[in-house]
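Trainee: Sequences and hints are given; from them, build the entire structure.
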Amino acid sequence: MPELPEVETIRRDLKTSLFSREICRVRVYHDDLILGGISRRAFQMKVRGRQIGKTERRAKFLLFPLYSEANLNAPPERLMRVQLRMTGQFALQKTRPNTEDFQHPGVEFLLDDGNTLYYDDIRRLGGFDLLSLEAWCQLETQLGPEPLSSAFSVKVFAEILAPLRAPIKNTLLNQRRVAGVGNIYASEALYKAGIDPHRPAGTLDEGEIRRLRDAIRFILSAALNKSGTTIRNYRALNGHSGSFQNDLQVYGRAGGMCRRCSGTVEQTTQAGRSSFFCPNCQH
DNA sequence: CTTGTACCCTGACCGC
DNA sequence: TGCGGTCAGGGTACAA
0 MPELPEVETI RRDLKTSLFS REICRVRVYH DDLILGGISR RAFQMKVRGR
50 QIGKTERRAK FLLFPLYSEA NLNAPPERLM RVQLRMTGQF ALQKTRPNTE
100 DFQHPGVEFL LDDGNTLYYD DIRRLGGFDL LSLEAWCQLE TQLGPEPLSS
150 AFSVKVFAEI LAPLRAPIKN TLLNQRRVAG VGNIYASEAL YKAGIDPHRP
200 AGTLDEGEIR RLRDAIRFIL SAALNKSGTT IRNYRALNGH SGSFQNDLQV
250 YGRAGGMCRR CSGTVEQTTQ AGRSSFFCPN CQH
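Residue 7 in numbering that gives the first Met the number 0 is what sits at position 8 of the first sequence, and the numbering runs on without skipping anything.
Honestly, the hints are just simulated from the structure, not real lab data. Just to be clear, a hint being listed does not mean it is correct.
[Stated by the list, open to error] Calculated cross-link-like contacts (lysine-lysine; reagent style PhoX-like; alpha-carbon spacing at most 25 Å):
id : residue 1 : residue 2
1  : K14       : K93
2  : K14       : K53
3  : K45       : K93
4  : K93       : K53
5  : K14       : K45
6  : K225      : K14
7  : K225      : K53
[As the list claims (entries may be wrong)] For each label pair, taking beta carbons as the anchor points, the in silico distance ranges come out as:
id : residue 1 : residue 2 : range
8  : R164      : R84       : 27 to 33 Å
9  : N72       : G271      : 43 to 49 Å
10 : S16       : S67       : 18 to 24 Å
11 : E205      : A270      : 23 to 29 Å
Virtual Cβ for every residue (Gly too), placed ideally from N, Cα, C.
Mentor: Shown next, in the form of structure tokens:
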């Protein structure tokens with residue numbers, strides 16, 4: 000479900016309330032939500048009694064550092080990593096949310112302040128795993144740069160794209176190339192930059208690379224400022240919706256009028272996912 | 001190495 | 001009303 004702006008919105012909402020809280024009890028409703036080949040029991044044993052550090056995000060992953068001793072400045076014992084995939088969502092409150100969008104209990108963490116962190120996931124494609132710092136550092140090197148960080152320079156982006164023959168849309172979806180961009184924002188960024196999603200990544204010239212980099216940063220920032228895009232399932236913390244769906248220019252608008260040239264927005268399939276673009280504006 | 005495809009799962013929607 | 005097919009903000013394993 001969520002891409003970088005949605006996951007970052009959730010991180011910001013959780014960060015303050017979770018910091019230094021102790022996890023008193025863990026309830027797991029489905030074994031398939033615990034990833035990485037670890038059992039439900041082992042997961043509970045390694046999470047219960049731990050204190051939560053500063054909630055982080057990398058790509059579309061949320062990371063909760065867990066401490067077994069009360070020294071939140073030392074390195075954590077391990078990291079609890081969450082991927083929400085298509086339909087994962089969180090709530091943090093005293094009682095289970097009873098809303099229509101929150102009817103699929105997944106995992107619950109009872110905290111020492113009386114709140115419970117509820118994870119709900121309709122399709123159960125998301126889940127939790129536990130990683131040592133070393134294991135995470137190893138995985139982390141496989142991810143592309145964070146597009147909103149200063150590391151995502153035109154030069155770095157150009158070096159990433161240069162050898163690639165895959166379509167630029169596929170490349171933007173590949174987390175090894177650029178982290179955190181998903182299907183909605185890939186289409187939106189390519190539209191803003193005026194680049195055809197079918198173009199082989201390595202054929203973009205320097206001006207196009209710069210335009211695309213700037214467009215990615217612009218779109219992700221704008222979406223973050225509006226707490227993300229809520230089309231069907233995505234909810235920020237405690238059921239709140241994002242509002243960037245009102246600003247989408249091409250995603251989900253197949254057959255509609257291009258707002259730049261009055262041509263028609265078209266839809267095609269790339270990497271098994273829908274791409275939306277204006278053939279008249281994007282080359 | 002790179003690139004494509006199948007798959008995990010439920011629910012909403014469409015046409016018959 | 002019911003049924004089957006299709007599709008949905010993702011990531012991973014595996015094949016070519």
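Trainee: Confirm or reject each hint.
Mentor: Do the hints match the structure? See the list:
no., hint, verdict
1, K14 x K93, "holds, 17 Å"
2, K14 x K53, "holds, 6 Å"
3, K45 x K93, "holds, 23 Å"
4, K93 x K53, "holds, 21 Å"
5, K14 x K45, "holds, 21 Å"
6, K225 x K14, "holds, 18 Å"
7, K225 x K53, "holds, 23 Å"
8, R164 x R84: 27 to 33 Å, "holds, 28 Å"
9, N72 x G271: 43 to 49 Å, "holds, 44 Å"
10, S16 x S67: 18 to 24 Å, "holds, 21 Å"
11, E205 x A270: 23 to 29 Å, "holds, 25 Å"
Consistency note: the structure conflicts with none of the earlier hints.
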